[in-house]
Amino acid sequence: MNLRAPDRLLRVDLSAESVDRVSVPDEWRRRYVGGKGLGARYLYEELDADTDPLEPNNVLLFMIGPVSGLLPGESRYAAITKSPLTGVFLDSYAGGTFPAVLAGALHDAGGVLVTGRASEPVRLVVADGDVDIESAETWGADTVTTDEHFSDAAVACVGPAGENQVAYATISSDAGDHHAGRGGAGAVMGAKRLKAVVAWGDPPSGLEKLRERYAERYRESDTGKWLQASGTLETVDFANETGVLPTRGWRDGQFEGADDIGIAAVRELAREREHPDDEDPGGYRVETDAGESVPCGATAMTLGAGLGIDDFDAVAELGATCDRFGLDLISAGNTVAWAVRASEAGLLDHSFTFGDPDDARSLLRDIATRETTLGDTLAEGVDAAAERFGGDDFVPTVKAMELPAYDPRGAESMALAYATSDRGACHRRAIPIEREIFENWSPGRAARAVATEQDQRSILWCLIVDDFVGDVFEDLGAEWLDAVGLDTDGDLQTIGERIWTLTRLFNVREGIARADDELPIALRKPLESGPNDGQAVDEDRFEAMLEAYYAERGWGADGRPARETVDRLGLDEVVDDETPLAEQPIERK
1 MNLRAPDRLL RVDLSAESVD RVSVPDEWRR RYVGGKGLGA RYLYEELDAD
51 TDPLEPNNVL LFMIGPVSGL LPGESRYAAI TKSPLTGVFL DSYAGGTFPA
101 VLAGALHDAG GVLVTGRASE PVRLVVADGD VDIESAETWG ADTVTTDEHF
151 SDAAVACVGP AGENQVAYAT ISSDAGDHHA GRGGAGAVMG AKRLKAVVAW
201 GDPPSGLEKL RERYAERYRE SDTGKWLQAS GTLETVDFAN ETGVLPTRGW
251 RDGQFEGADD IGIAAVRELA REREHPDDED PGGYRVETDA GESVPCGATA
301 MTLGAGLGID DFDAVAELGA TCDRFGLDLI SAGNTVAWAV RASEAGLLDH
351 SFTFGDPDDA RSLLRDIATR ETTLGDTLAE GVDAAAERFG GDDFVPTVKA
401 MELPAYDPRG AESMALAYAT SDRGACHRRA IPIEREIFEN WSPGRAARAV
451 ATEQDQRSIL WCLIVDDFVG DVFEDLGAEW LDAVGLDTDG DLQTIGERIW
501 TLTRLFNVRE GIARADDELP IALRKPLESG PNDGQAVDED RFEAMLEAYY
551 AERGWGADGR PARETVDRLG LDEVVDDETP LAEQPIERK
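At position 84 of the sequence shown (counting the first as 1) the number is 84 in full-length UniProt numbering, and the numbers step up by one without a gap.
Note that these hints are calculated values from the structure, not bench results.
You may find that some hints are simply not true.
Computed Cβ-Cβ distance ranges for the label pairs, DEER-style [claimed, not checked]:
| id | residue 1 | residue 2 | range |
| --- | --- | --- | --- |
| 1 | D26 | W200 | 26 to 34 Å |
| 2 | D48 | E134 | 28 to 36 Å |
| 3 | L210 | V22 | 26 to 34 Å |
| 4 | E241 | D358 | 24 to 32 Å |
| 5 | P56 | A515 | 28 to 36 Å |
| 6 | T373 | A49 | 29 to 37 Å |
| 7 | D577 | S18 | 28 to 36 Å |
Just so it is clear, the structure is predicted and the values come from calculations on it, not from any experiment.
Note that beta-carbon positions come from the ideal geometry of N, C-alpha and C, so glycine has one too.
Using the sequences plus the hints, can you model the full thing?
Structure follows, in structure tokens:
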């Protein structure tokens, strides 16, 4: 089958109720490929600096990659926008049925770019390479109900949290099983009065032999075998054993109830095991007495250990609550943990305790609906709550995004990965903990490891490869791009570096500087239990890692890319007078 990478984009203006099909410049396709890269390039081009993320002129892109629907593993799409939580670049990814169907429905288009705000709630219907704007009769419904309304289509929608513009609302698919989760893309969607994107069509087909070869390589890889054996739920046990499992609002690094919510409990409670194939890498799904499921480790880590809850069914129910409301469970769990600690410190006129699922459930509802004064404040995230009530040293954030579930006080390179992530605290940009925790790294080694992984993941997210399957793409996808006839401008590692630098330029234009890459106050305080008891991130060592990272990147001491780096990466045609650059990069030592 003769396949060709998408070369069109669908532009939707909700204010004008218009849809246009436009050609993507060939130079942009060569330089930025698709997915994250092409989405970042459009966002930089289309959006003025200092735009309020919830205003109509913010841009929201639903992007696929040039080989979406053809790759092994679970297909994914990228939601790209300016984040209402952080005020900087946001790319958030989700799998499930929606991405592959969207890729088929788009035909020769690589995504949908949405601007404006509808006068009344609407949905976008994508089919046969075009988009229609229709009235959304499901406004007010949760994510499960909205998904069920379109039983014969694939849906990406917002729940009540998105409609109420919670700063960390998600875009949900498959009745809440999959989310473009972090950073609040769902709030941008809600602000535009866009309830759902509905895709009709058959996923793309072709390249079966290439697909099967990579699928087999993945099944035989360490990552593939790990997921087949236990899946991400095993990260609960790994983090707990190594003392990096944030517990009770980041006080402790180990949770005494980890066995009750980790892989051992899941194996005992599992009613059935899903068999892995090249569409789904496998893992356990547990149907509880309440009918809910726990498909991944993040739920147990954040809503279990993070809140001191060791009741498996209760943790599952809290996860389902986030799914139905359309809340990012990492930010939501951390915000609830902050509220408990603030209550204990006497900063709130409320009494909350760790280990109480009822408190957590009530707070999640208040956040999603904004019906209480406290819930309305918590809906803006930990930083906003701490600014109003105090307690900025309770729960760590980077660029206002709450940290996920690996505590860098037990693996300092993770502090660098979190601090330098382009969308705020994120463990998917680089996960050096998987190697550093067993080795003794210098600041320079940590900096190189983080920067290299960030660049590699940037190019893989242009193709939008499943994170786990991407581990077997030794050539970063060059063989796949060649198969669909997409010539690139430079080697793929350099393209990854170009895209990472582009998102940094976007963030610098929004005011991000070195101070925003600094260590959160909470991580300067020592852990109170576990193998790393009494340990905090060493501030001098962190500064040495950050300095080495800037040098590795070719950035200046202020955290801005240097002019010579911008020119080397071919980004001189991107920057404008509103984007300050460093005069010269830091020299490597």
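Evaluate the given range 28 to 36 Å for the C-beta pair formed by P56 and A515.
holds, 31 Å
Are D26 and W200 spaced within 26 to 34 Å by their CB atoms?
Hint holds: Cβ distance 29 Å, inside 26 to 34 Å.
Do the beta carbons of L210 and V22 sit within 26 to 34 Å of each other?
holds, 30 Å
Hint check for A49 and T373 - Cβ pair distance inside 29 to 37 Å:
Roughly 32 Å apart at Cβ, these two residues keep to the hinted range, so it holds.
A range of 28 to 36 Å was offered for this pair. Does it hold for the Cβ distance of D577 and S18?
holds, 31 Å
Could one say that the CB atoms of D48 and E134 fall in the range 28 to 36 Å?
holds, 30 Å
Should the hint that E241 and D358 are 24 to 32 Å apart at their CB atoms be regarded as holding?
Distance hint for E241, D358 holds at roughly 30 Å.
In summary, the structure agrees with every hint in the numbered list given earlier.
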